[in-house]
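Now for the letters of each chain:
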Amino acid sequence: MSSRLVLPAPLRPLADGAAQIEVQGSTLGAVFDDLAARLPILERRLRDERGQIRPHVLVFVDGAGVRGEGCLSTPVRDGAEVFVAPAVSGG
Amino acid sequence: MARALLMIGTRKGLLIARSDDSRRTWTLDELRFPNQEVYAVGIDSRCDPPRLFASGTFGWWGPFFTHSDDLGATWAESRQAAIAFPAEAETALARVWQIQPGPPNQPGVVYAGVEPHALFRSDDGGESFSLVRGLWDHPHRSEWRPGNGGACLHTVIPHPTDPAQCLVAMSTGGVYRTEDGGATWNPRNRGIEVSFAPEDARFPEYGQCVHKVAMHPDRPSRLFAQNHGGVYRSEDGGDEWTAIETGLPSNFGFPMVVHPQQPDTVFAFPLGEGRLPSDTRCRVYRSQDAGATWHPVNEGLPEEPYLGGVLRDAMCTDWADPAGLFFGTRIGEVFWSRDGGESWGQVAQRLPDVLSVRAAEFQ
Numbered sequence: 003m004s005s006r007l008v009l010p011a012p013l014r015p016l017a018d019g020a021a022q023i024e025v026q027g028s029t030l031g032a033v034f035d036d037l038a039a040r041l042p043i044l045e046r047r048l049r050d051e052r053g054q055i056r057p058h059v060l061v062f063v064d065g066a067g068v069r070g071e072g073c074l075s076t077p078v079r080d081g082a083e084v085f086v087a088p089a090v091s092g093g
Numbered sequence: 014m015a016r017a018l019l020m021i022g023t024r025k026g027l028l029i030a031r032s033d034d035s036r037r038t039w040t041l042d043e044l045r046f047p048n049q050e051v052y053a054v055g056i057d058s059r060c061d062p063p064r065l066f067a068s069g070t071f072g073w074w075g076p077f078f079t080h081s082d083d084l085g086a087t088w089a090e091s092r093q094a095a096i097a098f099p100a101e102a103e104t105a106l107a108r109v110w111q112i113q114p115g116p117p118n119q120p121g122v123v124y125a126g127v128e129p130h131a132l133f134r135s136d137d138g139g140e141s142f143s144l145v146r147g148l149w150d151h152p153h154r155s156e157w158r159p160g161n162g163g164a165c166l167h168t169v170i171p172h173p174t175d176p177a178q179c180l181v182a183m184s185t186g187g188v189y190r191t192e193d194g195g196a197t198w199n200p201r202n203r204g205i206e207v208s209f210a211p212e213d214a215r216f217p218e219y220g221q222c223v224h225k226v227a228m229h230p231d232r233p234s235r236l237f238a239q240n241h242g243g244v245y246r247s248e249d250g251g252d253e254w255t256a257i258e259t260g261l262p263s264n265f266g267f268p269m270v271v272h273p274q275q276p277d278t279v280f281a282f283p284l285g286e287g288r289l290p291s292d293t294r295c296r297v298y299r300s301q302d303a304g305a306t307w308h309p310v311n312e313g314l315p316e317e318p319y320l321g322g323v324l325r326d327a328m329c330t331d332w333a334d335p336a337g338l339f340f341g342t343r344i345g346e347v348f349w350s351r352d353g354g355e356s357w358g359q360v361a362q363r364l365p366d367v368l369s370v371r372a373a374e375f376q
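Chain order of the listed sequences is H and Y. First residue of the first sequence: 3, per the numbering used here; consecutive thereafter. First residue of the second sequence: 14, per the numbering used here; consecutive thereafter.
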């Protein structure tokens, strides 16, 4: 199961400058696990060491925002777009 | 001439000031890690060239921990997170507050004090760290509370000669010391007052909001502490503390620094109302008799009303001879003295809020 992970500009240096990368996995959790195996520094910008998505990171699967408990079980279809972005927070 | 560098962690990134003329003049590198809050910087002078450490947090992307072996030209972050809580801890690293290389007789040892209250130890020079379980499993831990800045373990003082001993300080929690290499830890807060507690609860065994502790390596039994209201000295490694605030304009502040060549000389930066500099003056206070008397040392510092305080890790020495003393303020100015505080010059200005400084001289 292959999908595209779309990265915001601040994270692209951690993916050799790529704006999007191909990732594997049939759920959002599996996608992040695949990322952790290949690009662990990038993955930990998105998830903490418990595997939880960081509080100010937004994740969209095919345009639908996913949040909260159980979000890592969200199905990711073949060819899907997984979009990550910083929340409008911080300073 | 000797070279020197000063790491300046700010709320918006890391700056490095460099001197190639024995610390007479300084030039500033471009900002690194923009938009990162660089709460902790460290210099391991046991390495040649010194290994630099920096850790910060990005509002969205969590903490990072990185090091440089070429004096800051390039930085490396470990593929696997250098500092991470094990799964059974059921928490996540929020921030690194302190990076403390071990003494010369403990090669490779580097400590990190973090938020939530925990101590990590590296035995490979800071490439990877392990949680110090003896402190994490301490029965008091559930009663340690966050200070205003967070639930931080902000001070780590390894004993200069005995690898079994180490002292930490937390806001809030207070001072704890191990004498068995970190397996067990005991509170060492007797005499430190919690001034905001009810009258009959002002001297608890633990729970104090100690802001910083300092020690001179030639005299490890003597400690100085800047508390959240109160300045103290211990002559027995923290077993008992005695107030030494007489002569200071305020007993509140954050940093506490010992002169590297003069174990009786200690520096503080008192804060008054609103956590602004006491009397809104940019004044370092120096004691040359281990806290018996204090005097302001401010020649060369701004004369006009000054609204920039100094945070707990924003003052340091460089351990050179003559010693350099440095501090950065919350309004982005960095000052330095190379004569024990008698006179001051400005290293940098118009920076973001300064959170941490560390300096070293090297060949």
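The set of hints was computed from the structure by calculation and includes no laboratory data. All residues carry an ideal CB built from backbone N, CA and C; glycine is no exception. Mixed in with the good hints there might be a few duds.
Label-pair distances were calculated between CB atoms; the ranges are [claimed, not checked]:
{"no.": "1", "chain 1": "Y", "residue 1": "Gly72", "chain 2": "H", "residue 2": "Gly53", "range": "32 to 38 Å"}
{"no.": "2", "chain 1": "Y", "residue 1": "Asp83", "chain 2": "H", "residue 2": "Arg6", "range": "53 to 59 Å"}
{"no.": "3", "chain 1": "Y", "residue 1": "Asp137", "chain 2": "H", "residue 2": "Gly53", "range": "24 to 30 Å"}
{"no.": "4", "chain 1": "H", "residue 1": "His58", "chain 2": "Y", "residue 2": "Glu101", "range": "22 to 28 Å"}
{"no.": "5", "chain 1": "Y", "residue 1": "Met14", "chain 2": "H", "residue 2": "Arg6", "range": "51 to 57 Å"}
{"no.": "6", "chain 1": "H", "residue 1": "Arg6", "chain 2": "Y", "residue 2": "Glu43", "range": "32 to 38 Å"}
Here's a subset of chain Y near chain H, in silico, CB distances under 7 Å, partners left out [what the hints assert, rightly or not]:
{"no.": "7", "residue": "Gly75"}
{"no.": "8", "residue": "Trp88"}
{"no.": "9", "residue": "Ala94"}
{"no.": "10", "residue": "Glu355"}
A few chain H residues that don't get close to chain Y, going by computed Cβ distances all over 10 Å [to be verified]:
{"no.": "11", "residue": "Ser4"}
{"no.": "12", "residue": "Pro12"}
{"no.": "13", "residue": "Arg14"}
{"no.": "14", "residue": "Pro42"}
{"no.": "15", "residue": "Asp50"}
{"no.": "16", "residue": "Glu51"}
{"no.": "17", "residue": "Arg56"}
{"no.": "18", "residue": "His58"}
{"no.": "19", "residue": "Asp64"}
{"no.": "20", "residue": "Gly70"}
{"no.": "21", "residue": "Pro88"}
{"no.": "22", "residue": "Ala89"}
Do the hints match the structure? See the list:
Checked against the hint of 32 to 38 Å, the C-beta distance between Gly72/Y and Gly53/H comes to roughly 20 Å, which is inconsistent with it. At about 36 Å, the CB distance of Asp83/Y to Arg6/H disagrees with the hint of 53 to 59 Å. The given range of 24 to 30 Å is respected by Asp137/Y and Gly53/H, whose C-beta atoms sit roughly 25 Å from each other. With their beta carbons about 26 Å apart, His58/H and Glu101/Y fall inside the hinted range of 22 to 28 Å.
The hinted range of 51 to 57 Å is satisfied by Met14/Y and Arg6/H, whose Cβ atoms lie roughly 55 Å apart. Range check, Arg6/H to Glu43/Y: Cβ separation about 34 Å, and the 32 to 38 Å hint holds. Checking Gly75/Y against chain H by beta carbon gives a least distance of about 5 Å; that is within 7 Å, so the hint holds. For Trp88/Y, the interface hint is violated, the least distance from its beta-carbon to any beta-carbon of chain H being 12 Å, above 7 Å.
Look at Ala94/Y: its Cβ gets to within about 6 Å of chain H, closer than 7 Å, so that hint holds up. Taken as an interface hint, Glu355/Y does not check out: its beta carbon lies about 39 Å from the nearest beta carbon of chain H, beyond 7 Å. Annotated as non-interface, Ser4/H keeps its C-beta farther than 10 Å from every C-beta of chain Y; the closest such distance is 24 Å. Interface exclusion of Pro12/H from chain Y breaks down, the closest Cβ pair being 7 Å apart, not more than 10 Å.
Even its closest Cβ contact with chain Y, about 12 Å, leaves Arg14/H beyond 10 Å, as expected for a residue assigned away from the interface. With a closest Cβ-Cβ approach of about 5 Å to chain Y, Pro42/H is found to fall inside the 10 Å limit, against its non-interface label. Residue-level check failed: Asp50/H sits 4 Å from the nearest beta carbon of chain Y, not beyond 10 Å. Taking the minimum C-beta to C-beta distance to chain Y, about 4 Å, the non-interface status of Glu51/H is violated against the 10 Å cut.
With a least beta-carbon separation of about 5 Å from chain Y, Arg56/H fails to lie farther than 10 Å from that chain, contradicting its non-interface assignment. Not every C-beta of chain Y lies more than 10 Å from that of His58/H, the closest at about 4 Å, which undercuts listing it as non-interface. Consistency note on Asp64/H: stated as away from chain Y, and its beta-carbon is indeed over 10 Å from all of that chain's, at 22 Å minimum. At roughly 17 Å from the closest C-beta of chain Y, the C-beta of Gly70/H stays outside 10 Å, upholding its exclusion from the interface.
Separation of Pro88/H from chain Y is inadequate, the least Cβ-Cβ distance of about 4 Å not exceeding the 10 Å criterion. Look at Ala89/H: its CB is around 7 Å from the nearest CB on chain Y, not clear of 10 Å, so calling it non-interface is violated.
Violated hints for the displayed structure, listed by number in ascending order: 1, 2, 8, 10, 12, 14, 15, 16, 17, 18, 21, 22.
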